[in-house]
Structure formats: structure tokens, C-alpha cells
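Based on the sequences and whatever the hints tell you, model everything.
Now for the letters of each chain:
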Amino acid sequence: MKRSWNLWLGGFIILSMVVLVVVGFVYVPHDPLHIQVVQRLQNPSPVHWLGTDHMGRDMFSRIMVGGRVSLAVGGTAALIGLVVGVLLGALAGLRSGWWDQVLMRVADGLYAFPPFLLAILAVTLWDPSGMTAVIAITIGTVPAFMRLARNNVLSLREAPYVEAARALGAKETRVLFQHILPNMMRPLLVQASVSFAGAVLAEASLSYLGVGVQPPTPSWGRMLREAQGFAGLAPWVVLVPGAAIAWTVLGFNVLGDGLQKR
Amino acid sequence: MKPSLRPKFLVFLGILVWSLVIAGSAAAQQPLTIAIPTDPDSFDPHRSVAAATGEIAFNIYEGLVKAGPDGSIQPALSSQWDISDDGLTYTFQLRHAYFHDGSRVTSSDVVFSLNRLRDPDISQRAGEYGVIESVTGLDGAVTIQLQRPHGPFLASLAEVAAAVIPEDAENLAQEPVGTGPYTFVEWRPNQEVRLQRFEDHWADVSPHFSVVSFAIVPDDNAAILSLKSGQIDIIPRLDPSLAHQVLDDRSLQVIPGPMNLVQLMALNNQRPPFDDVRVRQALAKAVDREELIVGAAWGHGTALYSGLSPAMEVYYRVGLEAVHNRDLDAARELLRQAGQERLEFTLDLPAPYQIHVQTGEILAQQLAAIGVRVHLNIIEWGTWLERVYNQRDYEATIVGLAGRLDPHSVLIRYQSDSSRNFFNFNNETYDQLIDDAMQATEDDRVELYQQAQEILAHEAAGIFIMDPEQLAVMRSGLQGWYNYPVYVIDAASLYE
Numbered sequence: 008m009k010r011s012w013n014l015w016l017g018g019f020i021i022l023s024m025v026v027l028v029v030v031g032f033v034y035v036p037h038d039p040l041h042i043q044v045v046q047r048l049q050n051p052s053p054v055h056w057l058g059t060d061h062m063g064r065d066m067f068s069r070i071m072v073g074g075r076v077s078l079a080v081g082g083t084a085a086l087i088g089l090v091v092g093v094l095l096g097a098l099a100g101l102r103s104g105w106w107d108q109v110l111m112r113v114a115d116g117l118y119a120f121p122p123f124l125l126a127i128l129a130v131t132l133w134d135p136s137g138m139t140a141v142i143a144i145t146i147g148t149v150p151a152f153m154r155l156a157r158n159n160v161l162s163l164r165e166a167p168y169v170e171a172a173r174a175l176g177a178k179e180t181r182v183l184f185q186h187i188l189p190n191m192m193r194p195l196l197v198q199a200s201v202s203f204a205g206a207v208l209a210e211a212s213l214s215y216l217g218v219g220v221q222p223p224t225p226s227w228g229r230m231l232r233e234a235q236g237f238a239g240l241a242p243w244v245v246l247v248p249g250a251a252i253a254w255t256v257l258g259f260n261v262l263g264d265g266l267q268k269r
Numbered sequence: 023m024k025p026s027l028r029p030k031f032l033v034f035l036g037i038l039v040w041s042l043v044i045a046g047s048a049a050a051q052q053p054l055t056i057a058i059p060t061d062p063d064s065f066d067p068h069r070s071v072a073a074a075t076g077e078i079a080f081n082i083y084e085g086l087v088k089a090g091p092d093g094s095i096q097p098a099l100s101s102q103w104d105i106s107d108d109g110l111t112y113t114f115q116l117r118h119a120y121f122h123d124g125s126r127v128t129s130s131d132v133v134f135s136l137n138r139l140r141d142p143d144i145s146q147r148a149g150e151y152g153v154i155e156s157v158t159g160l161d162g163a164v165t166i167q168l169q170r171p172h173g174p175f176l177a178s179l180a181e182v183a184a185a186v187i188p189e190d191a192e193n194l195a196q197e198p199v200g201t202g203p204y205t206f207v208e209w210r211p212n213q214e215v216r217l218q219r220f221e222d223h224w225a226d227v228s229p230h231f232s233v234v235s236f237a238i239v240p241d242d243n244a245a246i247l248s249l250k251s252g253q254i255d256i257i258p259r260l261d262p263s264l265a266h267q268v269l270d271d272r273s274l275q276v277i278p279g280p281m282n283l284v285q286l287m288a289l290n291n292q293r294p295p296f297d298d299v300r301v302r303q304a305l306a307k308a309v310d311r312e313e314l315i316v317g318a319a320w321g322h323g324t325a326l327y328s329g330l331s332p333a334m335e336v337y338y339r340v341g342l343e344a345v346h347n348r349d350l351d352a353a354r355e356l357l358r359q360a361g362q363e364r365l366e367f368t369l370d371l372p373a374p375y376q377i378h379v380q381t382g383e384i385l386a387q388q389l390a391a392i393g394v395r396v397h398l399n400i401i402e403w404g405t406w407l408e409r410v411y412n413q414r415d416y417e418a419t420i421v422g423l424a425g426r427l428d429p430h431s432v433l434i435r436y437q438s439d440s441s442r443n444f445f446n447f448n449n450e451t452y453d454q455l456i457d458d459a460m461q462a463t464e465d466d467r468v469e470l471y472q473q474a475q476e477i478l479a480h481e482a483a484g485i486f487i488m489d490p491e492q493l494a495v496m497r498s499g500l501q502g503w504y505n506y507p508v509y510v511i512d513a514a515s516l517y518e
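Residue numbers (our numbering), protein chains in the order written: chain X, 8 to 269; chain L, 23 to 518.
For the record, the hints were derived by calculation from the structure and aren't laboratory data.
C-beta atoms are modelled at their ideal positions from N, C-alpha and C, and glycine is treated no differently.
The reader is advised that the hints may include incorrect statements.
Some chain X residues well away from chain L (every beta-carbon gap over 12 Å; in silico) [to be verified]:
1) Ile-20
2) Val-26
3) Phe-32
4) Phe-123
5) Ala-171
Some chain X residues judged to face chain L by a derived CB distance under 7 Å, without partners named [unchecked claim]:
6) Val-44
7) Pro-222
8) Gly-236
9) Leu-240
In C-alpha cells:
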């Protein structure tokens, strides 16, 4: 058990963020959208725990609400990427031949572009919005899952227990879901964790560039962008959203390491 | 021994002096770099609509006359002119001047340019020069005959649009050829526009900087970093919210001045529900300009209540703040009468202009107080120009309308048939006032333009917000900068 400390640490970090965001649905100390110009750039205080931004909005509340976007994008990208990528990858691995060739060449094609570049391309073609960003980032995570699933299927389908199941007359879908998938869960979960972190970072980057989530909806990336001019006056306005992004990405990466080692 | 050090010292001194000389002469060869936020739209003076293009083009093109730093009208290609007593005939004596392609400026070039300017098939601004009856070229002079007396005519000839271009010019949009103190060298889209000193310019004094580069830097923070690291020399219009980053920096100087800009929330007067004057008035009554000025411009701005800035001095109508006092109950009542209690609309905000974006964010909150839901939509500048300005396909937007030398050019925007009337404002009395003012005496013009401003305020043609202060920031040591009352950058006057 000593080896899996990073599993616990990663889990703790993620849990802390999730709790913060979930509590945000029920309770926030201040309205995160409420502009109060006279209260701008206030120091952290008992009233405003993490201070206020250049529009006088409460930073702590904005971090809580902005986390929704990050976690939603990360979760969507990791989950859909996992489901779609595994289905397509398994299909390629099981069918081989023509299916394999077409699917994996498409995956290679997508893989050639960094997910972030795909996302930039998408928001240029369509209107920049949170939805465009989610779709683009999700598509970008699929090929990694496809490759992983295909390679695992290729090696596992020759495994003695799979051959045994086949010999007993099990259908292909049953073989896949009962025997192959459960045995490749760990690398997939590691990949999911890494994809989650990547998606959070990609969304923050897009919002930082102003092409992700649009105001007034707060998101960590956009908070960072809007705050950068005031870093000299009030350092916390950039440190706080920066730390939130770093904390979350760190959490999922450490969790991924932990899953791999176990 | 001490004496033996002297030759070495002399050599050292010599090298020092020599390197200073080299450095000094090298510095003169360094391009002067000016940061601007948006790419030009077109260098064809008759097709460009963006003020941000005009500020570069000011250095390339010249008309018969041009704007001075104090808002006066200065001689340019014409050294002197006569106006007939009836105000109908203008005769301009032409200077001995050359185009950048080396050809001599002739009266037929001037005739060609002015005819092209008023050709509605080519020119965006044809309507404003429709008062010209005919343009005749003489030997070394040009006569312009007007249909009727037009007080602001001379000022309108000082605009960049009234530039004189060579008769055989092609592809001006990409490769402008003018007579100004700088010639066009190259335009790398979204990166830079590079100009070079025109050695054959008619003026006696030639500009100090031989190469001027307009660097397109959409992000003000990036511009400030580049300024501090010496990659750029001037930010002509700094976003006031970032002033704190430069005010304490001794290597920089900040030159404030009135911008003569009209920042407003333009409403598409033709599109329901903004075709209902009560809806527009309700919005006008809900706005807290003080909060907008503090919030978006950090206090660097003057509140506006109509379409003219106080920088226009005598023409400015004082006291219009009382027309739509901030009164939320009255605003709600107007919305109720108009049947728009659940008003929702989309507010397009131009991404490169932080001040407009932030104004929009705060304004949205102010309007929420009377139950209006505003959807913010941040769009690129190219999209703004094409969809909002040219196609007038929008509900509301926030933008700054650049100042002009004469109130006529500012106020004609709201005349119903103006090509620049992207508000689709339509008011017969207003149209008549602007037409009357063109032929009126100077005293009557003041009166008529003041009445015009009253109509804009009462009818709430748009929600007028502020004239933000212009903060020109540059490295200390640069001299000769002028904040013009029109939207231009005068690179030729700079020196160090």
C-alpha cells in the first residue's frame, strides 16, 4: 500500500476541488457576477476571502462557480473520449483488416494535431463559445483512447482465457465486455485521468485566449486573462485562478500516476 | 607607472566616443514603432470605414487641406485658397508636389480624386460630398463649385477620405500611393504596416524618423510589455484601466488629452423593439454613466448625453443630462407601456477594445436592474465592421465614434440616408436641421447643431456614454507628439 500514496493524494486534491464546486451550486458567499466598481481589487479579507477582481466581484465565489466549467469540460472530454474511443478502438482491434485500417488512419490523422490546435481550429470555424470548446476538446481526446483500446484488444484477444471463452461459444460482444474490457480498465483509467487534466488545461487556455467560455460566465482561464493587467496592483487576481488550474491539473496527474503504479 | 596608462586611456576614450557616435547614428536608423490594436480594413481612402485605418493613412495621404493638431485647417497640397462671397465657389492653388511614385501632382489628379470620392458606386462616403456640383481643373489650380453654400465643406476636405490620389492608381486598397510625409512600404496582415520617409515631400522640414512601423498588437497588456522592453515606442491610445502600469515608470511618459470620441451603445433603431422610442428612452434612463466611467475607464472620461463631445466647444449642447435623468421607476414604466417588460437583446462587443467590452459588462448589470436581460457577444473586429457596421445586422453594440474637425461630419451620421448611419436613426426634423445647418451662417450653425443634439438625446438615438480621455504613452525622450481632436497619428511631427 505504500506505493499508492499518490493515489490518495491525487484523490484528495480532486475531492477538495469537487467539494468546492458542488458546494457552489448550493451556496456561494457572494454573487459571482455582481459588479461593484467601488469594491474593486480589494485585499483578501474576512468578507472577501480571496479578495475582489477589477470589477469588484468576489474572487472566491468566482473560483467556485468557474470550477463548474473546468470540471464539466474535463469530465465530458474524459468520459466521452473514453466511451467513444474504446468502442472505436475495440472495433478496430477485433475486426482487423479494412475496419482497422480506416479507423486507425483517421485516429492517426487526428493524433497528428495537438488537441489544443484542433480546438483553436474549431472556434475559428464556428462561433467561440463554451460548447464549441467542449466539442473540440472532446474530439481531441478520442484518438488516444482509440489507440490504447486497440492495442490492448490486440494483445488480450490472444490471451488463453479469451480463447477459452470463445471456445465455449461466447459471442464477440460478450467476449469484449466480460473478458477483454475488465482487463484493460487500468490503462484506460490512467488515460482518462490524464485526459481530464489535459482538457481542464485546454479549456483554461482557450478561455484565456478569449475564445472559450464567454462572459459573464466566469471561468478560470478567462479570470486569468481579465486579471493579467492588474497583477502589479493586486497579485491575487492572477495567483488565485492560476492556482486553481494548477491544483486541479496536478490532482489528476498525480491520480493517474497512482493508478498506473498500483 | 601612471603615464603609461594614458595612451590606453586615450584609446579607451576614443573607442567610447566612436561607439557612441555609431550608436547615435544607428538609433536614427531604428524604426519608430507605434502599437495599434486592429488591422487596417483598406487603404483605399474612399472605401475604408475604420477610424483605425485613417490614423495610419493620415501619414500616407494628403488632401488639399489637412487637420492641424489644434483642430484648425492647415494648408496641404493647396498652399492657399479663395472662397467666393456667395460661398459657392472654392478655388485652390496647388503646390508643386509629388506622389510617392514620383509623378507630379496635377490638377487632373485632384479632379479625378474628388470625383471618385463622390461616386456612390465606389465611395463609402459619397453621400457626404454630394454637395459638390462640379470640380474643374485649371493650370495649377482647382475650382470646386457647390450646389449650395456648405459651411463645413473646407473641414470635410481635411478628412483622410478626401485624399488626393494619382489618376492611374491601381490596387490602392493594398498598396496606397499618396503625397504624405511617409510612403507605404509593406503591409503584413495582422502584424505590421511599414512606412518610409518620403524624401520628395513638399514640406521644408522632413520627418525625423526615416522608418515608421505600425505594429498590430490587439492585446494592451502585450503592448505595454513590448513598450517596457523597448520593442515598441508608442501606444497612442492606452486602455485607461491599464494606466497604473505605466504612470510610475520613469522610462515612459504619458500624455493625456481629450479624445473627441463618442462612446455609445448603438441601438438598431429599425429593429424591434428598438424601433419604439419608449424602449430606447427606458434604457437611457437606466444608465449610470458615472459607474461606467469609473468602472471601464478608471475615471478617465467625460460623460456624454448626446452625439457630440464637449471637445467640440461652442457646438456642444450643455445641460442635456436632465433629458433622461437616471430614474429606474420611470424606465420600468416606459418598458411596461411599450409591452417590453421581459426585454432581452444581444449586445455585440468588439474584442480588441477592452474599454467597450468592460462598459458592456457593467451596462448589462445596470440594465438588469430594470428587468432587461442583455446577452453579451464578444466578436472580432473584422466581424464587427462587416456585420454590425456595413450590414447593420445587429441589435445593440458598444463602440466609439471617432471625432471630426467639424460637428457636421459627426452629426451627419444620424441623418436617415447617411451611409454611416448604422443606427438606422430616422427623424425628419433632424434631417432637416442638418440640411439647414449646411447653408447657415456660423451663429445659426451653432444653434442648429445644438438643436440636433437635443433631438438625439430626447429620441435616445443611442445610449451615449462617454468621451474617454486619450492616454498616449511613449518612451521618455520622444518629443513632438500631438493628441489630435481627430482620430489620427502624426508620425511626421515626432523627434527625439
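Structure-based check of all given hints:
The claim that Ile-20 of chain X is not at the interface with chain L holds, since no C-beta of that chain comes within 12 Å of its own (minimum 30 Å). Against the 12 Å criterion, Val-26 of chain X stays outside the reach of chain L, whose nearest CB is about 30 Å from its own CB. With a least beta-carbon separation of about 21 Å from chain L, Phe-32 of chain X lies farther than 12 Å from that chain, consistent with its non-interface assignment. Non-interface status of Phe-123 of chain X relative to chain L is upheld: no Cβ of that chain comes within 12 Å, the nearest being about 19 Å off.
No Cβ of chain L approaches the Cβ of Ala-171 of chain X within 12 Å, the least distance being about 60 Å, so the stated non-interface status holds. Because the beta carbon of Val-44 of chain X sits about 4 Å from the nearest beta carbon in chain L, less than 7 Å, this interface hint is met. Among the interface hints, the one on Pro-222 of chain X holds; its C-beta lies about 5 Å from the nearest C-beta in chain L, closer than the 7 Å criterion. Checking Gly-236 of chain X against chain L: minimum C-beta separation of about 5 Å stays under 7 Å; hint holds.
For Leu-240 of chain X, the interface hint holds, since its Cβ comes within 7 Å of a Cβ in chain L; the closest pair sits about 6 Å apart.
Of the hints listed earlier, there is not a single one the structure fails to meet.
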